[in-house]
Every structure is written in structure tokens, then in C-alpha cells.
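Use these hints to put chain B onto chain A, whose structure you have.
The primary structure of each chain is shown beneath.
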Amino acid sequence: VNKQGQTRLSQYYNNLSIEEKTILEGELIRKCLSRVDYQCSFLQFREYKIIYRRYASLYLIVGVINQDVNEFAILEMIHNIIEILDKYYENVCELDIMFNIDRTHFIINEIICNGEIIDMNKTNVLKPILLMDKFSVKT
Amino acid sequence: MPAVSKGDGMRGLAVFISDIRNCKSKEAEIKRINKELANIRSKFKGDKALDGYSKKKYVCKLLFIFLLGHDIDFGHMEAVNLLSSNRYTEKQIGYLFISVLVNSNSELIRLINNAIKNDLASRNPTFMGLALHCIASVGSREMAEAFAGEIPKVLVAGDTMDSVKQSAALCLLRLYRTSPDLVPMGDWTSRVVHLLNDQHLGVVTAATSLITTLAQKNPEEFKTSVSLAVSRLSRIVTSASTDLQDYTYYFVPAPWLSVKLLRLLQCYPPPDPAVRGRLTECLETILNKAQEPPKSKKVQHSNAKNAVLFEAISLIIHHDSEPNLLVRACNQLGQFLQHRETNLRYLALESMCTLASSEFSHEAVKTHIETVINALKTERDVSVRQRAVDLLYAMCDRSNAPQIVAEMLSYLETADYSIREEIVLKVAILAEKYAVDYTWYVDTILNLIRIAGDYVSEEVWYRVIQIVINRDDVQGYAAKTVFEALQAPACHENLVKVGGYILGEFGNLIAGDPRSSPLIQFNLLHSKFHLCSVPTRALLLSTYIKFVNLFPEVKPTIQDVLRSDSQLRNADVELQQRAVEYLRLSTVASTDILATVLEEMPPFPERESSILAKLKKKKGPSTVTDLEDTKRERSVDVNGGPEPAPASTSAMSTPSPSADLLGLGAAPPAPAGPPPSSGGGGLLVDVFSDSASVVAPLAPGSEDNFARFVCKNNGVLFENQLLQIGLKSEFRQNLGRMFIFYGNKTSTQFLNFTPTLICSDELQPNLNLQTKPVDPTVEGGAQVQQVVNIECVSDFTEAPVLNIQFRYGGTFQNVSVQLPITLNKFFQPTEMASQDFFQRWKQLSKSLGLVLHFLKKLILILRISWELESSTRKPPRSDACYAWSRTCKPRCTGSRCGRVRKPFLRDYVNCCQRSFSLEDGGPGSCVSRCLRLCRLSSWPSCDEHPRCPRPLPFGLDRNTCVWLRKKSSAWTAAATAEAAGQCSARVLRLPAACAAVDLLRPLTPPAIRGKAAPRGTASLCGCRGTLSVALLVKEK
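Protein chains in written order, with UniProt numbering: chain A, 1 to 139; chain B, 1 to 1036.
With the rest of the complex left out, here is chain A (with noise of 0.2 Å):
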């Protein structure tokens, strides 16, 4: 999500409606844009727990439904994936993930499966998708 409040990216692993998933992340917005630095990551909302991270102008927020999980851990996860994505993408930035939507998508499934963490470790994590683009080059 960037500052102007559009999501470029959303993955969710339980089933929402359409509509309950616009207005959700609506909400979430702009109750993350309204909060200041010193502020902490965390925050209740509705029945989730919110950890964000914001990288410039882009947020990056995680809702989690389970009450008692370790904010810590998820707050670095979301900074291993923008690390892994740093080193795809070279710098990363919001255009590289609104445009490589697909790739992204792919980068964050192999980190994450079903809300839980697969792999953190960058060169597995980044192995098939470097083989994926060497293919295609190659055709």
C-alpha cells in the first residue's frame, strides 16, 4: 500500500468477498497512514492484530487473526521480504512490484504459504524464480 492509499499488493489465506476485502483495507489504511513515527508497529483492529512497517511512501501491513502471535517476529518478516525483494528486484521500489505483479506475487508465495512461513532463507526463496527468468530468456 502506498501513501496515497492504493494497494498494489494484497494476498489474503481466508476467504473474503470482494466487497468486505475493499473496505477492510480501506479502513486499515487509513488508520496506518494516520499514525506518526513514534508510534509502535502494532495495532488492534476489529479482530486482527496489525504489525506494518512502512519502507517511504509504502506500508507494508500484516493482519493477523491469532491473538497471541510474536509481533516481533512477524515485523522482521516483513523486512526479510522487502530484503528479498530488495536483492530481485535491485532496490526495490513501488513500481517494481505494481508492475512485476506476478513475480512479486510469486516471491511472496514462496515465503509464505497459508500464513505461515515456508522458507526465510533469501537464495532458496529467490532459486526458482532466477530459474524461471533464465528459462525465459532462453526461449
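Hint data in this document are derived by calculation from the structure and do not stem from the laboratory.
Idealized CB from N, CA, C, for every residue including glycine.
Wrong hints could be hidden among the right ones.
Unchecked claim - Straight-line C-alpha distance at most 27 Å; calculated DSSO-like pairs for lysine-lysine:
| no. | chain 1 | residue 1 | chain 2 | residue 2 |
| --- | --- | --- | --- | --- |
| 1 | B | K298 | A | K87 |
| 2 | A | K87 | B | K297 |
| 3 | A | K127 | B | K117 |
| 4 | B | K24 | A | K122 |
| 5 | A | K87 | A | K127 |
| 6 | A | K127 | B | K153 |
| 7 | A | K87 | A | K122 |
| 8 | A | K21 | B | K24 |
| 9 | B | K297 | A | K122 |
| 10 | A | K31 | B | K26 |
Said to hold, decoys possible - What follows is a list of derived Cβ distance ranges for each label pair:
| no. | chain 1 | residue 1 | chain 2 | residue 2 | range |
| --- | --- | --- | --- | --- | --- |
| 11 | B | Q559 | A | K31 | 53 to 61 Å |
| 12 | B | I30 | A | I65 | 28 to 36 Å |
| 13 | A | E27 | B | P219 | 32 to 40 Å |
| 14 | A | R30 | B | K153 | 44 to 52 Å |
| 15 | A | I65 | B | P294 | 26 to 34 Å |
| 16 | B | E370 | A | I23 | 42 to 50 Å |
| 17 | B | E281 | A | E27 | 44 to 52 Å |
| 18 | B | P219 | A | I65 | 17 to 25 Å |
| 19 | B | R191 | A | K134 | 34 to 42 Å |
| 20 | B | T378 | A | I65 | 27 to 35 Å |
| 21 | A | E27 | B | K217 | 18 to 26 Å |
Stated by the list, open to error - Not everything, but these chain A residues come out facing chain B in the computed CB check (under 8 Å):
| no. | residue |
| --- | --- |
| 22 | Y38 |
| 23 | Q39 |
| 24 | C40 |
| 25 | S41 |
| 26 | F42 |
| 27 | S57 |
| 28 | F72 |
| 29 | A73 |
| 30 | M77 |
| 31 | N80 |
| 32 | D86 |
| 33 | I101 |
| 34 | F106 |
| 35 | M120 |
| 36 | N124 |
| 37 | M132 |
The following block gives chain B in isolation, referenced to the frame of chain A:
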């Protein structure tokens, strides 16, 4: 612009995205999207087969449009086609589209399942990975059915690639979450546990997630995982930071895996000593590491380290057995409380909340009280302050309660609006829980209302009143304090409510002081009256009428106020009603009646504090449960009574209605003794019950008609477009004859016309019906007559059903109606000397002490009503109605709970009006109306008002209540008939009896209803003035 795209970027997609980005307005964006959608649609529909690349491109575009929040209703098919492509990129996009867009109930699932099956069988690890991902994302039941057996095999097979294992584990987790019944436990479980030893840390991570969830449900099966997890953990914790290569994150070895392992261990109690030593070592290492100087200045390093630390602390708290570790954890958190990282302070406060509930660390937590209070005052982030409040609440006990409550109160003045209400609740609870001195409690709460009146919810001030009423020793003080508080020039409405209530109850305790004489009290309250909202005014009116009782000397003043147009003709119906009836009550009723009606409220049954319940609702159960025990202990204090109130919700829903004016709730339990053996003791109990029970589906509207026939003998029973059924009947003693007329309203004939009388098995022995069959053909416009001879053998409750079948123009018709043969048709009045009656009565009352008890109440009500009736020339009807209702049930309508329940009242008026029109001028109408009202009043408004705090009487469930309510109109009709016709007007008041029986009905156990003397029918009757009661017996 498209330069940002990498690799074989799809140009069309990039163009589209930048177009969208360049849109100036929402409208332009939507226009562009619609254009693109139309384009894609036509491409998909076009004859030309699309190649994989363009399919991929369009599907990607759809994906982007979906992301912007537009629903996509096509293209699924194309995506499914992509699945079967052999090219990896195409397949991948297909899966992506499906896992993002397809929800679990799509019809495409079967097609998707096929593709997945192929991929799973392909042994190509990347394809398998994609397929497993897709299952995990969609996770529908159908998928679970198709693959639940397959995936465990993939997971534990020796030759599966690591990455596939990871996906398989998480996929299985998803399936287990959606449909646990479909995932069979088997021998694979033990092998899953051994995945914890896997070389590949990614596999271990995924397996830990799976095992954690499975172990929560089946702790036994996965018990072995504990020791494996501990050894794994200790290997990670003690490893040098370089050992794990890529799994080391900013010098922290595998933080996520550690967190997951610690989480897994939280599913189990502390392990046995051998493993335990090792675990303790691990935990100590983690705690030690927190003390080491950071290896990196980066925030990521400390975050990752702390993630592990916090998880370790929650494990320590979960085990709750190592005082040493607990105290160390607490000290560590104490350090964090002053850390400059906001996140850290936030989480430290949160963890400390849980620490506070452990007996080992409670004291240690308390040492940080100053820091926490400081956090409350200086913290810049509201969510952190909120946690501070939580922690204060959790660490509060008897020793520091005054300090904490005072701090919270002073913080309240500057607190954020969003958390004020919660703080108010917490202060109220703490004040109540740790109140040694109840004057302190009253002071605190009044302060609370003064400071944050707007945030004081109803529950809070209800609770003050409950406590004040239950504790004799603070009543005087409370009255004095509220009186003083009310003297402030501006005071909050909630204060007026509390003040009004308390002065109304205990104003007399301070009336001796000339500074707070009754008149001054009244004037003080009344000066606030006009500034208040309607519910508060209504409450104040109740206070006034209580004053009339407490202080006879202010009665004229109050009557003047009530009489003023602004009350008597208030636009608000509740205020108007209260004014009218209170005025009437104060003029009409004698002192002792007033004293009875307006007596002091009895102590409230002890129940879970409503505030606590509210806080729970607000916060979810986890935060408050630990306080439950102490709560219970306190309840005893308040009541001063021996019985500890179970703090469960069931206790809340069934407080004993001990002070019901009718006293019905307080009636002795229904006698369990043998039913009366003497003849003639049968009560009217069953006469009118269940008349509507159906044998065949009844024609609509027939029930209304049926009710009408209870008191008349002739008329039209049923009518539709084809058929009219008329009745003419006569009854004498136990015999009757009924003529049924079937009229064919059409011009064509009815064929096979067969009316049948159906008596239920119960009815069969009690009622003899004889009739002759009628001609099976009814000509158009003709009328056929059928005679039914009736003999009543014994009392009965159900009515027979008339079922008519015939053929009309080729279609088969079937009509069922109830035949209005009710027991009251066979009633006869009997005169009886009073001794005889009382003798009878006594026989009855041996087993029916209940009835006698009830009768006393009945008489009280009758007397009040007669007095009112005779003193009022032409009472406005609905007013009178209200007045009765109020005398009968002063508590439900508001004086206690302060809530206006109009829906109930309106319903009430309707009922009453119906009864008025039925009974107008009839002898005994006053009595029956009155009783009707008490009957109604003894039934709470439960069916309309699910939130009505009044308990259902006599342990009736809601359905019974609704059922009874439905029956009541039929009963009234029958009762009226008796009053008007067959009973002698002077002596027998059957309506009264019926109503009495009605009232008794909920009280009567089957013992009375079922086995009452079989022959004859007795009814209790009251008559005006004298209190003679007659027993009406119909001997066969």
C-alpha cells in the same frame, strides 16, 4: 516507462498499468478498466485461439484489475487452461490467478482439481510446489476430500525434494484447519515429528508450524516432538552465528524457527526433568543473550533477538513453574519499559500483563509500578498508554489499589477519548474489587462520574446502585454524598440518575438534617429534571413517587408537579404514563398500599458484575479471566452473605425474582405430594389449553374463527373461494348437537365430498361424536347439512378437527378446520354454601399450598384494583391499564433497571384494548381485566425483548412463554363467555377463575394438571367486595 519491467515483461500489461497510473480521477480509472475488460472479454470470446503468451497477459491484467477492487466474473476458464500448459511461466500465472481469485465454493474446483492431480503426479518438484500452493490457498472442502489422503504421503516420502516437503507440510496444515475430519491421523504422524531433525531448516520450519497446530488438537500423538524440539532449539541457540549460513538473520540464528519451536513447546506442560534441564538452559541462554551488548546497531538485529526473547518469556509464563526464570523475565521486561524503542515498550507492557497473573512474579511486577504510572503520563503513543492501563489493572491488588485507582482517575482527565470508556470500566471494577471501605468506593465512583460522565456506561451506575442497595452500612453515606454532589451547579446526567435512585430509596436516611430536608431534596432533584433526557426523567418520576411514600409531607408538592401539563400531557408516552399513573396511585391508594407498592428495593441477587461482563465483551475473554477468582471472593464481601455467587453467565440470567410484588417467584416450590384424591377437585387448569393443536394442517385464519366460537354457537366457521362452512349448535348439560352446513360457492359440483371428524387419541375417550355421512356430490350453489351429536364424557382439552376432502374440476381439495367444541360449552353454574366451599378448598389446598399462596396475592391485587375502579369515574382506559400494570409489576417497567421498554408496553396496550372491547360492560370485567393484567405482567416481555434483564418466571423457557401468550386470547374469549352468560353474574366470576388458572398454569407441575380429580371442573372465583370464593363444580 515499461523499462522497470524485468525479463520477458509483458508489454501490454505494463502499458495498461501505466495508463491506470496516469488516470487523473476515479472516473477515468473506471472508464479505462471497463474498456480493458471489454477488450479482454472480446479476445477471450474471439474465434482466434489465443496463444499462451496473450492468455497469460490478459489473465495478469485481470489480476491487476481485481487488485484495484473490482470483481472479476470471467477469465477463470482461461486461467484453468493455463494450468495445463507445459510452460512454467504460464502454469505459474494460472495458479496465481486461481489462488488469488477463486474462492472455495467455485464450480471450477473440479477442473482445477484435475490439473492439480496431474501436476502432483508429475514428479516435477516445481510443478508439485505450485499445485500444493494452490491447494493451500484455496483450501476448499472439495479439495480436501480429493487430496487429504495424498499429501501426507508426499510429505513423508523419502525421495521428496525439500521444497516440496515444505509446501506439503503447510498445505496439509491448511487442509487440517479447514476440514480436520478429513485429515486422518496415521503412521505418517510419527514420521512428521522426525522432520524436526531434518537437515534443511526450511523443512523444519514448515514442519513445526504443522506440528504445532496438530499438537493443539492431539497432544498425545505428538508428545515425542517435545524432546526433539528442545534439542533442536538448543542446537540453534548455542550455535555460532555463522553456522546456519543463510538462516542467520542479522547475527541471530534462525529467529523464526526458534520462535516456532518455542511456540510448539507452549502446547505442552513442562517436560520431564531430563529434557527440562536442557530447556531451562536454553531459556537462560536466551535471557543471557538479551544482556549481551548488541552485535549490530541495526534495529533488525535487536528485533529478531527480542522476537526470540519474547517467545521464550511466553513459554516461561506458560510453564509458570520456575520462579527464578519468571523473576528474571520480569526484570528484563522492566528494563525494556524504559527502552527508547516504542515497539519494545509496548510489548514489554503486554507481556508483563500476563506475568502479573503468575503468583511467582506478581510481586516482581509490582516493583515497576512507578515506571508504569510514568509511562501512562508521559508516553506519546496512545496504544502504549492503553497497554499501561492494562498492566496497572492487572497488577492491582489490595495493597496498591488506592494508589492505582487514584492515578487512573487523574489520568482520566487527560486521557484519549478512545480509551476513556475502558478506563472508566476498569476503575469501576478495581474500586469495587478492592474496596475495603465502601465509602471510598462511593467517593471513587462519584468522582468517576464527575470526571468522565459521558464515558460512564449504564452498567457502571447500575452496579453502584446494586452495591449501595446490598450494603446497609453505606446507604446513609451514599445518600449524603450524592446529595452533596448534586449541589454542584452543573452535574452529569449519570450523576442525576444515581442521585435520583439513591435518594428515592434512602433519602429518608438524611432527611433528619435540616440542610437536606425532604423538600430540599426534592427541589434539588427537580431543578435538574428539565435538563435531563427522557429515561432520566422517567427515573426521576419514579423517585418522586417514592418520595410520596417516604415523606408524606411533600406529597402535595409532588402531586402538583405530576399534575402539571408538562408531565400529564408530555409528548413522550412513557413520561406521560408514569405521570398519570403515579398521580393516580398517590391520590387513590391508601398509605399501606403505597408502602407495599413502593417499599424499598430488596437486595439484589448477587451476580457477576455487569461491568466485568461488559469489559469482557470489549476485550475478549483472555484479559479478564484471570481476575475471575478474586472477583468471586469479593462478591461474598459485598453481600455479606455466605453463598459465593458463581461468576458464570448462567448466574446472571437467573437471579431470583424474590421481590416481585406478586411474589410468584417466591412461591414455595410446587408440591410434590400426591394429587387430591377426592372427586370434584379438578381445576379448570386444562380447560382451554392446547385448543389449537393440529392434527392436519389447518386452514389459515381458522384459529381466529375458532376463538370466536368459544363464546358463540352459531356462525360461519370457514370460508374460501369454493366452500363455506356454517355452524349451528346447541348444548345442554353434557350433550350437544351441532349442525354443519357445507355451501358450494361455485357453479360446478364437488365430487367425492367427504367430511371426516378426527378426534385425537387423547380426545377419543372423553368426547363422543356421532354423525352420518353426507352425499358425496354437492351441486353447484347447493348446501349440504350434516348433524353431529356430541356427548361429553369427561373433561377434555383439545378440539376435534373437521377434515373435508373433495374434487373440484379435476383438482383435489383438502381443508382442515377445528370444530369449536370446547369444554366450556358443557359448564353449568352451581350454588354452594360457603362452608362447603371452604371444605372443598381445604382439601385442595393440602396439596396445593401454592394455590393458596397465590390466592393471597390475588386478593391483594383485586383489592387495589377495586379501589381504583370505584374511585375513578371514567378512567382513561389505557391509563388505567398502565396503572394496573404498574401496581402489578413496578420493577420491570423501569424503576429498577431504568430502561424504558416501549415495545412491551405497546403490545400490552393492544392486549388490554382487546380485552376491553370484549368485556365492556360485562359483569366482572374489572376483575378479569385486572387479572388478565397480572397474568400478562407475570410473563415477561421475553419474546419481544431478548435483552430484557428480567428472568423468565418459574424457569419457563422462551418458547413456552410465547406459546402461553398466543393462547391467552382464546382463554379470554372463553372466560368472557362464562362471565356474560352461563354463570350467575353475582357469585361466579369465571373470568377471574380462568385468569387465576392462567396465572397458575406456569406454576402447576404436571401433578396438578395431569392427575387432578378426573370428574368435574372446579374454578376459583372471587367476587367484588367480600372476599368470598366459590368453587364451581360440575359433577357428571
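Legend entry - Index of numbered hints that the structure contradicts, given in increasing order: Of the numbered hints given earlier, those the structure breaks are 4, 21, 27, 32, listed in rising order.
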